[in-house]
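Enquirer: All chains should be modelled from the sequences, with the hints used to inform the complete structure.
Top line first, the protein sequences correspond to chains A and B. The first sequence begins at 15 in my numbering and counts up by one. The second sequence begins at 15 in my numbering and counts up by one.
If you're looking for bench data, these hints aren't it; they were derived computationally from the structure. Each hint should be verified, as a subset may be incorrect.
Which copy is meant is left open, because identical chains are indistinguishable; a pair holds if it fits in one copy or across any two.
What the hints assert, rightly or not - Straight-line alpha carbon distances no greater than 35 angstroms define the calculated DSBU-like cross-link-like pairs of lysine-lysine that follow:
#: 1; residue 1: 244; residue 2: 264
#: 2; residue 1: 197; residue 2: 348
#: 3; residue 1: 264; residue 2: 325
#: 4; residue 1: 348; residue 2: 264
#: 5; residue 1: 264; residue 2: 110
#: 6; residue 1: 228; residue 2: 316
#: 7; residue 1: 321; residue 2: 264
#: 8; residue 1: 110; residue 2: 316
#: 9; residue 1: 264; residue 2: 316
#: 10; residue 1: 197; residue 2: 289
Protein chains: 2
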Amino acid sequence: MKLATLRDGSRDGRLVVVSADLQRYTPAGAAAGTLQAALDDWTNVEPRLRQIAEELGLGMVAGEPFDPAQCMAPLPRAYQWCDGSAYVNHVELVRKARGAEMPESFWTDPLMYQGGSDSFIGPCDPVLVADEAYGIDMESEIAVITDDVAMGAGPEAAADRIRLVMLVNDVSLRNLIPGELAKGFGFFHGKPSTAFSPVAVTPDELGAAWDGRKVSGELLTSINGDPFGKPRAEMDMTFDFPQLIAHAAKTRPLGAGTIVGSGTVSNKLDGGPGKPIADGGAGYSCIAELRTVETINDGAPKTGFLKFGDKVRIEMLDGSGGSIFGAIDQQIAKYSSPAGN
Amino acid sequence: MKLATLRDGSRDGRLVVVSADLQRYTPAGAAAGTLQAALDDWTNVEPRLRQIAEELGLGMVAGEPFDPAQCMAPLPRAYQWCDGSAYVNHVELVRKARGAEMPESFWTDPLMYQGGSDSFIGPCDPVLVADEAYGIDMESEIAVITDDVAMGAGPEAAADRIRLVMLVNDVSLRNLIPGELAKGFGFFHGKPSTAFSPVAVTPDELGAAWDGRKVSGELLTSINGDPFGKPRAEMDMTFDFPQLIAHAAKTRPLGAGTIVGSGTVSNKLDGGPGKPIADGGAGYSCIAELRTVETINDGAPKTGFLKFGDKVRIEMLDGSGGSIFGAIDQQIAKYSSPAGN
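Expert: What follows is the structure, given as structure tokens:
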């Protein structure tokens, strides 16, 4: 089952059920008006949504043409967004580039940050940034949406609470991050509004690409139409989603609709850093990682961050070449404060 | 106007209007079912809530007896909770105790962390922690709830977006924090579910105790009935609420219902660290600060963190001795994971 939230002028949008091929949609209104409402009462609402999806799939309901540009984030605002760094390769590379040892504990204790969840942006919304000098970067990731999770839940219990899967562009402002992290309290300005894929899908929709813990497949990132990354999401994922959820729930319960991210998807190559796609590698899911590899290889980064007007596309295809989640397809644009600010 | 959220079995509870003396309440249902719904449409809902408050105040509506124990947090879950460290004295002391210089920039650039906002607890709910060894501590704070705030809003624009004021117990697990901050991504396990006062009040309700930027008055904290802190909230607040909101909105907009905290309220004494109330000082708003002062004075902390069964009370009184926000009045209790976790 694939679910999306269409813009309707309200803060939470309108929940719709989307056909597996992303061609058509039909309102979910009879079952739940919003995705958060569905998640708040998933046991009762899910069967009704699945019935709508079945009717749409069988053509019993004609549906309307589905346009990702009309999508908000599946959850336009959420009560929690926390993002792990499950691909420890990415973390190790970044440390290596600045000559720092990565603590051994990073292989057993997940890194995770608490993100802002009140102002998500849709898959085709512009990424608005006041200043290119902030160092604008994407981070292509996968995320799950959970049901309620009890405090102290272990990975097995956590696995049963995964309800939906989607893609993420965890937009990052690289040049604000070092100063911010040096203050000691984690990210804030360096992580502006996050974007999500047009649809969120139930795990069963992924078929063999979901083993209950990880998504299998290439996560495709392109910049201005040029392939930039195609790492495999199931490879080098040190912490799977149930482990990340259990980590998040260690000292407090998680509310229904909690979004848990994988962190930047990153593959090693022959035990070392990856290569660009043009050089036969799997490429990267963020510019920062490429710059890190450039620093390791050549002593300094040479690829610049994103500029106003640049376009980023993030997508994942099924075995037949169909888009699973639809594409995050965004343009970087200059933000100007409204008058009187 | 004073607003509270009563437990009714739903996730967001039931919004009620409470009399100024906190003795009576009446449902706000005709105007808005939940506090988030009111904040989502404040321009239209506020006048209707004020009319209900006026009728309650004049006795035109009898109302029901108000019992803080029936309260959830005013926002039982929120789309954003970010907490500043506006009382830089507190930060400076903590650094001094471990022999570290505080960067000069901390006096001009606020420290702020992104908190979890999906599982707040009510003012009289137990603070559930799995292990006393986590180092259980309170942090007595003041917070504001904002309307929508545009990205890049300055302090003047931000000041106009403050809708409500309340008290906070930013529960902290001290012994988990050093290792967590050392990882570089900020707080996560060290900040479990946060508690808020029974009522949130509109700024006008504070009268002369609100100057548009800060709350004036003693923030009273007691542990097991013994006075522990009574620092004045308007003193030594390096960053006021409009400055904290503007900081939070630097690279992204804030959604209606964003909660911005002051950080632990802390006063200097004669330019140096404060003293316990028993020694003629204003005391402290968290045990960690007392331990810091003990370390500075005696080389080591002697006061232990909270134990299961301990009670923490946080309150602020008006000029006549009446409770402004009601009291956060909580007991620390051992959490046991449910079976099957």
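Enquirer: Next, verify each hint and record whether it holds.
Expert: To see whether the hints hold, each was checked on the structure:
1. 244 with 264: both (33 angstroms within a copy, 33 angstroms between copies)
2. 197 with 348: Both: 27 angstroms inside a copy, 33 angstroms across copies.
3. 264 with 325: Classified as between: cross-chain Cα gap 23 angstroms, same-chain 38 angstroms, threshold 35 angstroms.
4. 348 with 264: Only across copies: residue 348 and residue 264 sit 14 angstroms apart there, 39 angstroms inside one copy, limit 35 angstroms.
5. 264 with 110: both (30 angstroms within a copy, 31 angstroms between copies)
6. 228 with 316: Answer is within; shortest intra-copy Cα gap is 33 angstroms, inter-copy 47 angstroms.
7. 321 with 264: Between copies only: 19 angstroms across chains, 39 angstroms inside a chain, cut-off 35 angstroms.
8. 110 with 316: within (17 angstroms within a copy, 41 angstroms between copies)
9. 264 with 316: Between copies only: 28 angstroms across chains, 41 angstroms inside a chain, cut-off 35 angstroms.
10. 197 with 289: Classified as both: same-chain Cα gap 33 angstroms, cross-chain 27 angstroms, threshold 35 angstroms.
Checked against the numbered hints above, the structure breaks none of them.
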